[in-house]
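Enquirer: As a plain string of letters, each chain reads:
Protein chains: 2
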Amino acid sequence: MMANPPFRGVLVPVATPFREDLSPDTKALVGHCRWLLDQGADGLALFGTTSEANSLGLDERLELLEAVVAAGIPAARLMPGTGACALPDAVRLTAHAAGLGCGGVLMLPPFYYKGVGEAGLTAFFIELVERVGDARLRLYLYHIPPIAQVGIPFGLLDELARRFPDTLAGIKDSSGDWEHTASLLAEYPQLAVFPGSETLLLDGLRHGGAGCITATGNINPAGIRAVFTQWETDEADTLQAHASAVRRAVQGHPMIPAVKAILARIHGDAGWRQVRPPLQELDRSVEVELLSAVTAAGLELPAA
Amino acid sequence: MMANPPFRGVLVPVATPFREDLSPDTKALVGHCRWLLDQGADGLALFGTTSEANSLGLDERLELLEAVVAAGIPAARLMPGTGACALPDAVRLTAHAAGLGCGGVLMLPPFYYKGVGEAGLTAFFIELVERVGDARLRLYLYHIPPIAQVGIPFGLLDELARRFPDTLAGIKDSSGDWEHTASLLAEYPQLAVFPGSETLLLDGLRHGGAGCITATGNINPAGIRAVFTQWETDEADTLQAHASAVRRAVQGHPMIPAVKAILARIHGDAGWRQVRPPLQELDRSVEVELLSAVTAAGLELPAA
Chain A
1 MMANPPFRGV
11 LVPVATPFRE
21 DLSPDTKALV
31 GHCRWLLDQG
41 ADGLALFGTT
51 SEANSLGLDE
61 RLELLEAVVA
71 AGIPAARLMP
81 GTGACALPDA
91 VRLTAHAAGL
101 GCGGVLMLPP
111 FYYKGVGEAG
121 LTAFFIELVE
131 RVGDARLRLY
141 LYHIPPIAQV
151 GIPFGLLDEL
161 ARRFPDTLAG
171 IKDSSGDWEH
181 TASLLAEYPQ
191 LAVFPGSETL
201 LLDGLRHGGA
211 GCITATGNIN
221 PAGIRAVFTQ
231 WETDEADTLQ
241 AHASAVRRAV
251 QGHPMIPAVK
261 AILARIHGDA
271 GWRQVRPPLQ
281 ELDRSVEVEL
291 LSAVTAAGLE
301 LPAA
Chain B
1 MMANPPFRGV
11 LVPVATPFRE
21 DLSPDTKALV
31 GHCRWLLDQG
41 ADGLALFGTT
51 SEANSLGLDE
61 RLELLEAVVA
71 AGIPAARLMP
81 GTGACALPDA
91 VRLTAHAAGL
101 GCGGVLMLPP
111 FYYKGVGEAG
121 LTAFFIELVE
131 RVGDARLRLY
141 LYHIPPIAQV
151 GIPFGLLDEL
161 ARRFPDTLAG
171 IKDSSGDWEH
181 TASLLAEYPQ
191 LAVFPGSETL
201 LLDGLRHGGA
211 GCITATGNIN
221 PAGIRAVFTQ
231 WETDEADTLQ
241 AHASAVRRAV
251 QGHPMIPAVK
261 AILARIHGDA
271 GWRQVRPPLQ
281 ELDRSVEVEL
291 LSAVTAAGLE
301 LPAA
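Chains A and B are the protein sequences, given in the same order.
Using our numbering, the first residue of the first sequence is number 1, and each one after it goes up by one.
Using our numbering, the first residue of the second sequence is number 1, and each one after it goes up by one.
Worth flagging that the hints you see were computed from the coordinates, not collected in a lab.
All of these numbers come straight from a predicted model, not from anything done at the bench.
A few of these clues could be false.
Pairs of lysine to aspartate or glutamate residues, derived as EDC-like cross-links and limited to a Cα-Cα distance of at most 20 Å, are as follows [stated by the list, open to error]: (1) 114(B) / 130(B); (2) 114(A) / 38(B); (3) 114(B) / 177(A); (4) 114(A) / 60(A).
Heads up, incomplete: computed chain A residues facing chain B, CB under 8 Å, no partners named [said to hold, decoys possible]: (5) 85; (6) 149; (7) 190; (8) 279; (9) 282; (10) 286.
Each residue gets a CB set at the ideal place from its N, CA and C atoms; glycine is no exception.
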């Protein structure tokens with residue numbers, strides 16, 4: 001069997017739509033996945049931070065992934081989040097995704113205990129890979145210290161790269177720190193390194209990066225994809241400036257409710273505003289200001 | 001049906017024994033529960049931080065609780081941790097515990113997203129209580145900002161106390177900050193307030209506290225229970241000093257591996273050393289030093 005090639009380009013941590021009773025809206029999720037691929041997204045990182053993955057139950061994550069694949073979204077284009085604090089849950093989610101033929105998985109470290117040692121984190125991932133025991137598995141690690149607090153240390157990457165060179169495929173760096181991303185790019189040329197924001201897309205590509213995995217890919221996939229398509233042309237810096245302007249217009253707001261408020265407008269479906277607690281919807285006055293700001297920044301939105 | 005009375009006294013977040021293959025050792029767990037009750041523990045807070053609860057899978061938590069109850073440990077003495085980042089998982093664990101007749105549940109807030117608003121946290125717990133919909137439920141909230149990062153704000157307590165006065169029963173305060181515990185005691189006299197360490201047991205009792213829920217209750221239940229039994233006698237300060245000395249001897253070490261290393265000696269079962277990744281066992285040289293330190297602090301241990 002041919003192994004999945006490494007992901008490249010613009011990957012989107014797909015926002016998860018909920019009904020008023022907080023149940024996932026599978027039909028709206030599949031529709032959004034199709035729209036993102038139509039707009040040029042290279043991959044769909046379902047069950048990321050932006051997807052409220054950690055607000056989904058274990059069974060919900062299994063069922064939603066199956067539903068998306070059953071609806072015809074190509075599994076090879078999927079990089080679902082399968083991290084969990086508990087090894088058995090992480091193994092179950094990861095084995096399930098690999099078994100469905102997903103192109104990769106994006107894994108948070110176990111994030112409950114803080115200040116854990118590198119050896120303990122490494123042991124967690126070694127157990128994970130061995131217990132999943134699936135040669136198809138392609139592992140992308142998820143470094144997001146501002147939220148998970150527990151990060152992905154370089155020593156962990158070194159050990160996994162040494163033990164599982166065919167399995168460890170890349171890393172998403174949501175540190176927001178270009179120096180950290182640059183170090184990853186310099187030290188791990190064999191890994192696909194994705195900054196966690198399109199603001200670092202062009203810089204990343206110029207240093208050997210693979211693309212980006214970004215929350216605002218949900219609302220501006222075409223604008224961000226244009227940077228990737230044309231990064232070696234004279235238009236690159238202008239396209240990057242356009243994409244970054246949209247990102248900055250969103251960033252003053254709580255990211256997930258803001259992305260969902262914009263999706264409500266894009267898809268003409270007010271239900272997209274719904275988030276699961278502990279997150280909260282934007283106040284309507286803030287939403288009006290947000291939509292005005294992203295429009296001013298150049299994002300084209302359908303009329304209300 | 002008579003409602004469960006509020007917990008009082010010394011509650012122990014029961015350490016979870018694992019076999020070498022990392023599976024839970026149910027028999028050793030039940031044995032440890034019995035020993036703790038024999039030693040005077042007033043309640044067993046299974047699936048706490050010390051229990052590595054967040055390293056257990058959802059199914060494991062359900063099965064272990066059933067096994068402990070089936071083995072004859074009285075459900076009324078149990079206060080299992082049922083918190084989870086995802087509302088459906090928290091509802092399932094909580095409904096299950098209430099259905100088994102547990103005296104209460106100890107709930108972490110959803111701890112993945114950081115900096116979430118009080119309204120969102122409050123919405124989470126309101127949904128939880130309403131979805132569980134069991135009049136037997138007695139809810140103890142778990143404030144442990146050093147690990148969960150997300151705490152239990154006073155406004156959340158106010159709103160839950162107003163909406164669910166018969167359900168909200170208490171709070172465990174693992175802030176390690178006496179001023180915070182004192183504020184809880186002063187402002188919520190109707191709640192059972194448990195400091196998260198026996199070092200604050202006597203101070204808490206003198207200000208209306210209900211007892212304590214403490215990791216080192218696993219290894220020194222009798223010594224800590226003596227403070228509770230005799231807190232109004234002339235011996236109280238001496239007994240508190242003895243208990244605190246043992247705690248301090250443990251505290252220089254990673255708490256969970258240290259507690260388990262001591263339990264290996266107490267129960268004469270080296271398997272107790274086993275932790276799940278991302279935690280790590282103590283080095284043997286550190287273990288030797290630890291056992292010597294707690295013995296010097298007055299804890300009586302069986303010979304090796």
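Enquirer: Where does the structure disagree with the numbered hints, that is, which hint numbers, in rising order?
Expert: Those not satisfied are hints 1, 2, 4, 7, 9, 10.
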